[in-house]
Structures are given as C-alpha cells and as structure tokens.
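I would like the entire structure built from these sequences, with the hints used as guidance.
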Amino acid sequence: MRRVSITAFTILALALAVGLAVAVSPYASASPDGLESVAEQHGFLERGTLHSLQDDSPLPDYAFPGIENARIATGVAGFAGTLLVFGIAFALGALFRRGTPARA
Amino acid sequence: MLETVALHIPDGFLSNWVAALCWLPALAAVAYGLRRSTATLDERKIPLLGVTAAFVFAAQMLNFPIAGGTSGHFLGAALAAILLGPWIACVATAVVITIQAFLFADGGITALGANVLNMGVIGALLVGFLMLRSRDVLPKSRGVLLGITAAGAWLAVMAGALATSVQLALSDTVPLATVLPAMLGVHALIGIGEAVITVGAVAAVLATRPDLIAVRDLTPSELRAPSPTLHPEGA
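These protein sequences, in sequence, are chains A and B. My numbering numbers the first residue of the first sequence as 1 and each following residue consecutively. My numbering numbers the first residue of the second sequence as 1 and each following residue consecutively.
By construction, these hints were calculated from the structure, which means they are not laboratory data. Hints are not guaranteed to be accurate.
Cβ pair distances, simulated, as ranges [unchecked claim]:
hint	chain 1	residue 1	chain 2	residue 2	range
1	A	Y27	B	D136	27 to 33 Å
2	B	R35	A	R47	34 to 40 Å
3	B	S221	A	N69	47 to 53 Å
4	A	A91	B	F129	24 to 30 Å
5	B	P210	A	P65	30 to 36 Å
6	B	V137	A	G66	19 to 25 Å
7	A	D55	B	P210	43 to 49 Å
8	A	A30	B	V196	17 to 23 Å
9	A	E46	B	A20	18 to 24 Å
10	A	S52	B	D211	43 to 49 Å
11	A	L50	B	L170	21 to 27 Å
Residues from chain B that keep clear of chain A, each with C-beta distances beyond 10 Å, as calculated [claimed, not checked]:
hint	residue
12	N16
13	W17
14	Y32
15	L132
16	V137
17	S141
18	R142
19	G143
20	V144
21	I213
22	R216
23	T219
24	P220
Anything over 10 Å on all C-beta distances counts as not near chain A; from chain B, calculated [claimed, not checked]:
hint	residue
25	F129
26	D136
27	L162
28	V196
29	A203
30	S221
31	E222
Glycine included, every Cβ here is placed at the ideal spot set by N, Cα and C.
Printed below as a string of structure tokens:
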C-alpha cells in the first residue's frame, strides 16, 4: 500500500476524530460509566463535587451552552473540544520542539 | 436528560492528602516527558501528538453500553503509547485530562493529579513500557504485535481501575474489599472494548503509515497482513 503523507494522515485522522465527536457522541450511552456506576452502587457518588474553578466551565457535561437540543449541544461541544485538544497538543509539541538546539 | 458521562475521578472522592500525593508522580512524569519530548519530537511527531490527543478526547466521549445499565468509554492510554512512545503518550494523556477538567468539568481539579497518575503514568507510561518490552522479547509478527496491543489496552484499563480503587480506599471513601472487586469486574468488560478499539486503530496505522508506530525497527512480518496478496505490482 502506498504511504499517505503525514499531512494527509493528520487530516484523515483528525476528520475521523471530529466525525466521531460530532456525529456519534450524541448517541453514546448515557448510562453511568464504570467508576460512576461503582460509586452509585456503593454510596459515594454524592461525595463528588465541582471545584470552584469549575463553577463556570465553558462546556459542562459536554454540552455546548445555549443550545436547547441536547444531541446538537453534545455534538457541537465534541467538535469544539476535539479541535481545541488538537490545537493545544500540537502547540505544546511545537513549543517544546522549538526549544531544542537545531539538529543538523 | 441526555448526558455524556465520561467521568474521571471528581473532587470529593479522594481525601486531600491522597489527592496531593498523587500530584507528585503525575507532575514528575509529565515534566520529564516534556523535557524528553524536546529530544524525541520530530516534525512527524508533532502533528501525530495533536491528532492522537484529539482522537483520544473524541473517543472518550463515546460511551458504549456494557452489562447492568453501565457504560464504558475508551481510555486511549495504550494507543497513545504505541503511537507516541510512553513518555510523550503520558504528556498527551495529561493534556486531554486537563482540558476535560477545566473546560468540561469532567474529573476534579484537586483530583487531576490522581487522574493523570492513573491514566497517564500508570496507563500510558508503565503499561506502555511493558508493551514495548514484551514486543522486544516475543516473536515478531503482526499477530503478536496486535496481541500485545490488545493485552496492553486491557491492562491499562485494569491498572487504572486498580489504582483508583486503592486511592478511594486510602481516602476512607469505601473499603478496598468492596470497591476493588466492583471496579475490576466492570473494567474487565470495559477493557475488552478498549482492546478492540485500540487494535483497530493500530491496524489502521500499520496499513497507512507504519513508520508512525513508536516501535523500533518493525520487521516485515509485523507489517504483513495475515493473508498476503499475490499482486506484487500492487504493492
């Protein structure tokens, strides 16, 4: 198989991630996940609190604010979040890479 | 109400001193991983770091139902370790968890150290090294590589569940004898989902850009698909 370029690979993989976050996550299971379910069964779920720094999280519960339709709110939050994570991780990598002495 | 529940440890589950102690290995590993990344991140690895973190974030939103009204979601630590190497994978995992905590209120702020420890340090870093070491000593074939991938993915989920249980018990939140079997039982199933997704993703990268796999010197038998096609001109 011919190798795809790194740019094409990145765009393809990022498109897949964005596609999953936008189109599939709104239909993900809403049942409690592993830890939440164990916490519920064993009576310590209510101990969970939000840190004061999280009081005005921009996208609490993976829902984009101001969108009434819950599925669309989740999809938009997934879109924004996936691109943001890409951007921050990319920037962090570039930043730390740039800090190195240039290699021959 | 529709909710995407991708719940990491929230604040309040762990005592302050347990949460504080977890910060130490988490910070040390991320700091060292960042330092190392200056030496090991090349031009190909920077977009790969971004796209791996983005994929892990997106896939963590996809809760799949497992037994008994419970769901599981992808963790991505083993996948990141195979694509980025264990140290940078630890950094990528920490980036995802930090963004989830601050922007999505998923996982605590005080408990961020514990979440990075359980998923980044134990999952991506320790299990990642275990996977690379296993690959070095086992026979080289595509099946073995994907087998190690599956086992590592499952183990990373189980190890994270084990560490979380111990931290909850040390915090006097719940007795270890209660929480450990419950956590391991449910995560044994979640780990199977993790293994399936991770093997699928690694197989896809092996087929398109095998050089992006952070495994040194992949042998031809590791690259070859199980049923070799007899079309040399199409190779």
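Structure-based check of all given hints:
Remark: the range hint 27 to 33 Å for Y27 (chain A) to D136 (chain B) is contradicted by a beta-carbon distance near 41 Å. Distance hint check: the CB atoms of R35 (chain B) and R47 (chain A) are about 36 Å apart, consistent with the given range 34 to 40 Å. In this structure the hint that S221 (chain B) and N69 (chain A) lie 47 to 53 Å apart at CB holds, the actual value being about 51 Å. The hint said 24 to 30 Å for the Cβ distance between A91 (chain A) and F129 (chain B), and at roughly 27 Å that hint holds.
Taking the beta carbon of each, P210 (chain B) and P65 (chain A) are about 42 Å apart, not inside 30 to 36 Å as hinted. Take V137 (chain B) and G66 (chain A): their Cβ atoms lie about 55 Å apart, and the range 19 to 25 Å is violated. Look at D55 (chain A) against P210 (chain B): about 46 Å separates their beta carbons, and that is inside 43 to 49 Å. Against the hinted window of 17 to 23 Å, the Cβ-Cβ separation of A30 (chain A) and V196 (chain B) comes to about 21 Å, which satisfies the hint.
In this structure, E46 (chain A) and A20 (chain B) meet the distance hint of 18 to 24 Å, their C-beta atoms being roughly 23 Å apart. Restraint check, S52 (chain A) to D211 (chain B): a C-beta distance of roughly 46 Å satisfies the suggested window 43 to 49 Å. Remark: the range hint 21 to 27 Å for L50 (chain A) to L170 (chain B) is upheld by a beta-carbon distance near 23 Å. The beta carbon of N16 (chain B) is kept farther than 10 Å from every beta carbon of chain A, the shortest such distance being approximately 12 Å.
No Cβ of chain A approaches the Cβ of W17 (chain B) within 10 Å, the least distance being about 16 Å, so the stated non-interface status holds. Non-interface status of Y32 (chain B) relative to chain A is upheld: no Cβ of that chain comes within 10 Å, the nearest being about 12 Å off. Remark: the non-interface label on L132 (chain B) is consistent with the geometry, its nearest Cβ contact in chain A lying 21 Å away (cut-off 10 Å). The beta carbon of V137 (chain B) is kept farther than 10 Å from every beta carbon of chain A, the shortest such distance being approximately 29 Å.
At roughly 18 Å from the closest C-beta of chain A, the C-beta of S141 (chain B) stays outside 10 Å, upholding its exclusion from the interface. Against chain A, the non-interface label of R142 (chain B) holds: every CB pair exceeds 10 Å, the least being about 14 Å. Interface exclusion of G143 (chain B) from chain A stands, the closest Cβ pair being 19 Å apart, more than 10 Å. Residue placement check: V144 (chain B) keeps its beta carbon more than 10 Å from all beta carbons of chain A (closest about 21 Å).
With 10 Å as the threshold on Cβ separation, the claim that I213 (chain B) sits away from chain A holds: the shortest Cβ distance comes to roughly 12 Å. For R216 (chain B), the condition that its CB be more than 10 Å from all CB atoms of chain A holds, with the nearest at approximately 18 Å. Look at T219 (chain B): its CB is around 17 Å from the nearest CB on chain A, clear of 10 Å, so calling it non-interface holds up. Every beta carbon of chain A lies more than 10 Å from that of P220 (chain B), the smallest distance being close to 14 Å; the non-interface claim holds.
Annotated as non-interface, F129 (chain B) keeps its C-beta farther than 10 Å from every C-beta of chain A; the closest such distance is 21 Å. Listed as outside the interface, D136 (chain B) is consistent with that label: its C-beta sits roughly 25 Å from the nearest C-beta of chain A, beyond the 10 Å cut-off. Even its closest Cβ contact with chain A, about 12 Å, leaves L162 (chain B) beyond 10 Å, as expected for a residue assigned away from the interface. Remark: the non-interface label on V196 (chain B) is consistent with the geometry, its nearest Cβ contact in chain A lying 15 Å away (cut-off 10 Å).
With a cut of 10 Å on Cβ distances, A203 (chain B) stays outside the contact zone with chain A, its closest approach being about 12 Å. A cut-off of 10 Å between C-beta atoms confirms that S221 (chain B) is not in contact with chain A; the least separation is 16 Å. Annotated as non-interface, E222 (chain B) keeps its C-beta farther than 10 Å from every C-beta of chain A; the closest such distance is 15 Å.
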